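Counting from 5, one number per residue, gives the positions in the sequence shown under this note's numbering.
Incorrect hints may appear among the rest.
[As the list claims (entries may be wrong)] No more than 25 Å apart at the CA atoms, straight line, and that leaves these computed lysine to aspartate or glutamate pairs for DMTMM-like: (1) K55 <-> E65; (2) K85 <-> D9; (3) K39 <-> D49; (4) K159 <-> E190.
[As the list claims (entries may be wrong)] Using C-beta positions, here's what the derived DEER-type ranges look like: (5) Y324 <-> T249: 16 to 24 Å; (6) D335 <-> A27: 42 to 50 Å; (7) K39 <-> S15: 12 to 20 Å; (8) N216 <-> N169: 47 to 55 Å; (9) A27 <-> R264: 41 to 49 Å.
It should be emphasised that the hints constitute simulated quantities derived from the structure, not laboratory data. Just so it is clear, the structure is predicted and the values come from calculations on it, not from any experiment. We put the CB at the ideal spot given by N, CA and C, even for glycine.
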Amino acid sequence: MIPMDRLEQISQRFQFLEASMSAGSDGADFAALAKEYADLKPVVDQITLYKQLVSGVAEAEAMLTDPEMAELAREELPTLKAELPKVEAALQISLLPRDAADAKPAMLEIRPGTGGDEAALFAADLLRMYQRYAEARGWGFDLIEEQMTELGGVKEVVAHITGQNVFARLKYESGVHRVQRVPSTESGGRIHTSAATVAVLPEAENVDIEINQNDLRIDTMRSSGAGGQHVNTTDSAVRITHLPTGIVVTSSEKSQHRNRDKAMQVLKARLYDMERSRIDGERSADRASQVGSGDRSERIRTYNFPQGRMTDHRINLALYRLDAIMQGDLDEIVDALTADAQAQQMAAMNL
Numbered sequence: 005m006i007p008m009d010r011l012e013q014i015s016q017r018f019q020f021l022e023a024s025m026s027a028g029s030d031g032a033d034f035a036a037l038a039k040e041y042a043d044l045k046p047v048v049d050q051i052t053l054y055k056q057l058v059s060g061v062a063e064a065e066a067m068l069t070d071p072e073m074a075e076l077a078r079e080e081l082p083t084l085k086a087e088l089p090k091v092e093a094a095l096q097i098s099l100l101p102r103d104a105a106d107a108k109p110a111m112l113e114i115r116p117g118t119g120g121d122e123a124a125l126f127a128a129d130l131l132r133m134y135q136r137y138a139e140a141r142g143w144g145f146d147l148i149e150e151q152m153t154e155l156g157g158v159k160e161v162v163a164h165i166t167g168q169n170v171f172a173r174l175k176y177e178s179g180v181h182r183v184q185r186v187p188s189t190e191s192g193g194r195i196h197t198s199a200a201t202v203a204v205l206p207e208a209e210n211v212d213i214e215i216n217q218n219d220l221r222i223d224t225m226r227s228s229g230a231g232g233q234h235v236n237t238t239d240s241a242v243r244i245t246h247l248p249t250g251i252v253v254t255s256s257e258k259s260q261h262r263n264r265d266k267a268m269q270v271l272k273a274r275l276y277d278m279e280r281s282r283i284d285g286e287r288s289a290d291r292a293s294q295v296g297s298g299d300r301s302e303r304i305r306t307y308n309f310p311q312g313r314m315t316d317h318r319i320n321l322a323l324y325r326l327d328a329i330m331q332g333d334l335d336e337i338v339d340a341l342t343a344d345a346q347a348q349q350m351a352a353m354n355l
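With the hints as constraints, model all of the structure from the sequences given.
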């Protein structure tokens, strides 16, 4: 049972915000009030629903002692009591602290790990998987940097994904993805194990991260193409080096101005991610054990093609529909990871 005094405090804060906005405030103050009001409204709506249901159960139980109303109460009580745990669970989730980055667009970075050409081909498969997932959810998917091998594998790819709750849905994808299969380049039919690394970073806004222009070295260079008619003959590619951290980002479209903007976008996301990781590390000494800790070296998932199985090692989830998953059907995995993270939060908060 959720303490009613805590729910009452939230409701009173919401009423205070509502009154303050109605009374009128300066621009900056009003914006801050409006944001907190918008964040609290779905929580207060859930509190109202929960209180109504608790009250309904209490009234129906009281009616059991009334001969004229007892039959009606006996009919209503099972439905009300069955609904109460669902509403209480939804309320508990709404009370969890929100990740401020959840609603943001995201930067997706994929690089091959161990496994040579097969790792690069697997990285390309992961890229297509995320592209199809984005398409299914109606998100925008814009490639910022794409370096391919001659066999069609990925050396490195960076994509900008926009839409509703992109980071919230993809943030648990960061880590090492392992594949077990017979490579197309293998004539002996032997199963190989290789890996690719995925990083999902929330897009940073100017208010999130500030970059000193004196800390940057910006170089222009010739874009690399696939050869022949695809070779870009202008020095349009941009490489930005952040001197304090050593972070290097590139973008190699035909427009140098667009490349600079995109490279800055990626740089801000990486610096923002570093700052988020630092803060999270200070908050939790046990951070590495948490789902979605962001540890890029953690092996999070195995894709076993001979058995048609995907295993997520963080939550011991095994699904035997690998073909559909590689086509972008990721919702069951994402939902399970989100539910596990919420359960950990609720346990930590004694909800």
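_Given hint D9 paired with K85 - CA-CA distance at most 25 Å_ = holds (22 Å)
_For a C-alpha distance cap of 25 Å, please report whether K55 and E65 respect it._
Given pair K55, E65 holds - Cα atoms ~15 Å apart, limit 25 Å.
*Take a look at whether the Cβ-Cβ distance between A27 and R264 falls inside 41 to 49 Å.*
holds (45 Å)
*Regarding K39 and S15, is the given constraint of 12 to 20 Å on their beta-carbon distance met?*
holds (18 Å)
_Please verify whether K39 and D49 have alpha carbons no more than 25 Å apart._
Holds, because 16 Å separates the two Cα atoms, which is no more than 25 Å.
*Compare the distance between the alpha carbons of K159 and E190 with 25 Å, and conclude whether the hinted pair is satisfied.*
holds (20 Å)
*Check the following: the C-beta atoms of N216 and N169 are separated by a distance inside 47 to 55 Å.*
Since N216 and N169 have Cβ atoms about 32 Å apart, the given range 47 to 55 Å is violated.
*Do D335 and A27 keep their Cβ atoms within the hinted range of 42 to 50 Å?*
holds (44 Å)
*Can the suggested window of 16 to 24 Å be confirmed for the beta-carbon pair Y324 and T249?*
violated (43 Å)
This entry does not satisfy hints 5, 8, going by the numbered hints stated previously.
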